[in-house]
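J.: Read off the chains here:
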Amino acid sequence: MALWIDRIIKPSETNEAPAASDQIRSDIAVVVTVLFALLLALGIRNQVYSASNTAMLDDGALRLAYPERWVARQGDESSFSAVNLGSASTYDARLEVTSRPLREGESLELARFDRGLKLASSLDSYRELEAAEMQVLNGVPALVATYAYVADPTHASGAPDLPVVVEGQDVMFVLGDRFYVVALTADATEWEAGARDFAIVTDSLRLTDAPARAPAPGFQGGSNTAEGGN
Amino acid sequence: MQASTLPEETARSSGASPRTRPSFLRSVWFELLGLLLFVAIFNLLPGIGSAFNDAGLILLGIVLALVPAVLWLLFFYRMDRAEPEPKRLVIGVYLAGGLLAAALYIPIFGYLFAVDSWLPQYWWSQLLGGILVVGVVSMAIVYAAVRVVVFDNPEFDERLDGIIYAVAAGLGVATVNNFAYVLQHGGVNLDVGSIRMVTNTLGYASAAAVLGYFLGQARFEKVPIFYLPLGVLLGALLTGLYFFILDRAGASSLTGDPWRDLLLGIFLALVTMAAVGWLVRRSNEETLRVSRVVGDGDRWEALPAEGTAAEGGD
Numbered sequence: 351m352a353l354w355i356d357r358i359i360k361p362s363e364t365n366e367a368p369a370a371s372d373q374i375r376s377d378i379a380v381v382v383t384v385l386f387a388l389l390l391a392l393g394i395r396n397q398v399y400s401a402s403n404t405a406m407l408d409d410g411a412l413r414l415a416y417p418e419r420w421v422a423r424q425g426d427e428s429s430f431s432a433v434n435l436g437s438a439s440t441y442d443a444r445l446e447v448t449s450r451p452l453r454e455g456e457s458l459e460l461a462r463f464d465r466g467l468k469l470a471s472s473l474d475s476y477r478e479l480e481a482a483e484m485q486v487l488n489g490v491p492a493l494v495a496t497y498a499y500v501a502d503p504t505h506a507s508g509a510p511d512l513p514v515v516v517e518g519q520d521v522m523f524v525l526g527d528r529f530y531v532v533a534l535t536a537d538a539t540e541w542e543a544g545a546r547d548f549a550i551v552t553d554s555l556r557l558t559d560a561p562a563r564a565p566a567p568g569f570q571g572g573s574n575t576a577e578g579g580n
Numbered sequence: 014m015q016a017s018t019l020p021e022e023t024a025r026s027s028g029a030s031p032r033t034r035p036s037f038l039r040s041v042w043f044e045l046l047g048l049l050l051f052v053a054i055f056n057l058l059p060g061i062g063s064a065f066n067d068a069g070l071i072l073l074g075i076v077l078a079l080v081p082a083v084l085w086l087l088f089f090y091r092m093d094r095a096e097p098e099p100k101r102l103v104i105g106v107y108l109a110g111g112l113l114a115a116a117l118y119i120p121i122f123g124y125l126f127a128v129d130s131w132l133p134q135y136w137w138s139q140l141l142g143g144i145l146v147v148g149v150v151s152m153a154i155v156y157a158a159v160r161v162v163v164f165d166n167p168e169f170d171e172r173l174d175g176i177i178y179a180v181a182a183g184l185g186v187a188t189v190n191n192f193a194y195v196l197q198h199g200g201v202n203l204d205v206g207s208i209r210m211v212t213n214t215l216g217y218a219s220a221a222a223v224l225g226y227f228l229g230q231a232r233f234e235k236v237p238i239f240y241l242p243l244g245v246l247l248g249a250l251l252t253g254l255y256f257f258i259l260d261r262a263g264a265s266s267l268t269g270d271p272w273r274d275l276l277l278g279i280f281l282a283l284v285t286m287a288a289v290g291w292l293v294r295r296s297n298e299e300t301l302r303v304s305r306v307v308g309d310g311d312r313w314e315a316l317p318a319e320g321t322a323a324e325g326g327d
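Taken in sequence, the protein lines are chains A and B. Using the working numbering, the first residue of the first sequence is number 351, and each one after it goes up by one. Using the working numbering, the first residue of the second sequence is number 14, and each one after it goes up by one.
Just so you know, the hints here were simulated from the structure itself, not pulled from any lab data. By construction, the Cβ of each residue, glycine as well, lies at the ideal position given by its N, Cα and C atoms. The reader is advised that the hints may include incorrect statements.
Capping the alpha-carbon separation at 35 Å, the derived lysine-lysine pairs in DSBU-like fashion look like this [claimed, not checked]:
1. K360(A) to K235(B)
2. K360(A) to K100(B)
3. K100(B) to K235(B)
Label pairs and their computed distance ranges (CB to CB) [claimed, not checked]:
4. A193(B) to D408(A): 47 to 55 Å
5. V284(B) to L353(A): 39 to 47 Å
6. L389(A) to D129(B): 19 to 27 Å
Chain B on its own, in the form it takes in the complex (with noise of 0.2 Å):
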């Protein structure tokens, strides 16, 4: 998609509708059911970790962190065909996320913070605490690893861009976070541990998704001041409330259903997905009744938005 004109000023100037996407919806379908067979696979078929040992165990764990990113990429690119994101930048944004996380992760978390001192001491520490250093401190390295890597690029040229990058970066995180879990661990215990990844991966990928609309809709739009701070801070908290949900449902603990864990992640990523999904159609909507204005010397004035945007959306 070579742009020396974007689709989003296209539309402003022509007052087309800006181009629909259904290729990511369709790929975010795609991810959950293929994360569904990924933790199926190691959940029916009993036994399957006792031919690894403790080495296999660790590498095999390395391997399945990557899965949930490598299938969302796999997904994505077969979905979009018709106008692909280029792969090196959708790569370099998921590099980066990952990169920033492992180089940030241990020094904020470990060493700054010293989390696991503190943060599940309380119930309110840990909902707090999961905010505002891991909501934060995760939607900080995507906000920096899509504004370093994409932003400016031309080929940034939707809204529904930002979202499709941000994931890439949260995937990155989910999966430095991923790898930390089964090097902390010793390896993996494949059974719950596929499913920790998974709902790991989903958290990050929908938290991100949010921040990727505000990404999208700044990438476009002269955004007040507030903005931004408040995609950042929208993300930190699905992510802090995510897991603080995950946990308190008893993921954690002993006597803690795994499954319930899967099925509450799924329906969490759903319901944000939707709600994303729902946040860029109404955008492209307004951006298509914005761009129908009659110009009357310097006066603008915009049309009336009932019946004008019915054909806009994804």
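Only chain A is shown next, with the shape it has when bound in the complex (with noise of 0.2 Å):
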């Protein structure tokens, strides 16, 4: 420590005044310094985007990864959410995910059908506005719901804040003999900023468009997408 500020109270043994050139020196060492701060930054900021949780269900037949600084609550053995207290909007962002036994016969089309009339008739001016067939974990199939919807967050605290219009996204799969679904949700206009931790949720979940389908033989024109693809 002492050397140390021996060396900055005393640069050079000789007081020499410095030339043109070390003063240039001087300048690229700062430049330099200043720009290898700067990528350190970026590495920390990736870290703290990147950074995350992993939440199991079923014992561990679903694995997901979703935001550290999300507040976790661990529900029974098939529910799981998580929420971003943090969010800018009186809505928090957050992630819910549920699983159930399929029902006998029932397909992930109907399990579909069915989560989506049970949000239809729960949920103030529910519409939903895309869906698309994709696949998670390596090839599972999946189909993606987005929607929308109006919440009061603050009404049962009596606070005078407006509604806010909701937008989320299920993603419904089913594995084993279990439905799946992982909601995203957020406010419609914090969806953008909240990508990064929605991407953490997706990402763990290898959530990829699904592979084109071949044409019928003989097929000529038109797409060679599924309906309803986005």
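Make the complex out of the two chains shown on their own, each in a separate frame, by following the hints.
T.: Below, the structure written as structure tokens:
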């Protein structure tokens, strides 16, 4: 320490005046230092963005990641939720994962229809905006539905804030004999801002586009993707 | 102070003590007193802000953002009448610091780093981000302002000038920060806002003073290649730590006490200025010691440090 302070006080032994080239050399060193510090800061930023925890459902049948700073609420064996209490909106961005056994003869499409009916009957001004066939976990078929509804998160507390238009996305798939729904919701105006957080969840599910279906023999023209594609 | 021969060079060749500059430290003390008075006016007169509408509060906030810098400049010139730095240079460095901050803050903090989205998330991201982004960028701005506007000017003729000009550039950065605070909040809450402006100003000015010390040394001595980067990093470290400590002490929370912030800010600024003042005094003593050498052909032999430097210092 004393040595460092000594070097700071007495940078040169001779008091020799600096040449112009010395000052340019120092300038370059400062620029390099600043750039290096900013690169380090980018690394720290990415570390914060990608910091995540893992949640498990049904004895580890499904594992998925969620942002580390979100507050988790583990329900029973087959439900899990996490909330971003730091959301800018009065409606906190959240993740809700549920699973239930498939009924006899029930397919993914039927289970998804059932889910849509429940949402439409329980949420205010619910409407489905988009639906697409995708896949999760390296090849498991999935349906992704994007929807919106109106929520009034401050109503219960008596606060006078306006209701919020909530945007949601359900990733639905079947693993074994269970139907899983991974629901991401946020204030529609904050959806883009939360995209990085949602990506932590969807990346851990390895959510990708479904492979294009081969056209039927002799079929000419038209789209070769599944109906309802995005 | 027309300087065909720099006082530092004169000191080297004659063995005389480098000139003292009590005006600087006195102006720092008066600045602190002035800032306390500034804060007291808005905190001890209840309801002073209620006389203004939103537009009035924005205008008043913008004027208030300038107050700490104007106070310092006024005090400095009152104290420094005997050998004043040219006004145009001090104001030029101040404006350069402010303009660079205004030009770079939004592109770097808002777009490149999007600091609001990650910096406050964890204590470690707040500390490291505060040092590596806020601190480094602020100190780079101070460095650039001093280096471009005044570093090669003959008026930069004492080590302490490095601190004076760097503080001016730091005040420019702080002023832009204060402007941004007022505009983002649609005006200023006069009691808490005035304290925040003062703590902002103290933080940037103190960190800039540390960098200014290194700039002052580099102006007159051939320094190792790590010397100025070390100055930038120390200034950045101080900036990051200062705002981190203020935040963690409860400044930004709803239950925080802004007066505690102010006292903490003044304490940290005083410690920094005292450390910088000590470093300058030691450097001047060192200049004096090394300049008292015995010439013997090309061989130079430094005199021992003990007892030779008592008259040096500021």
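J.: Please name the hints from earlier in the document that this structure breaks, with their numbers sorted from lowest to highest.
T.: 5
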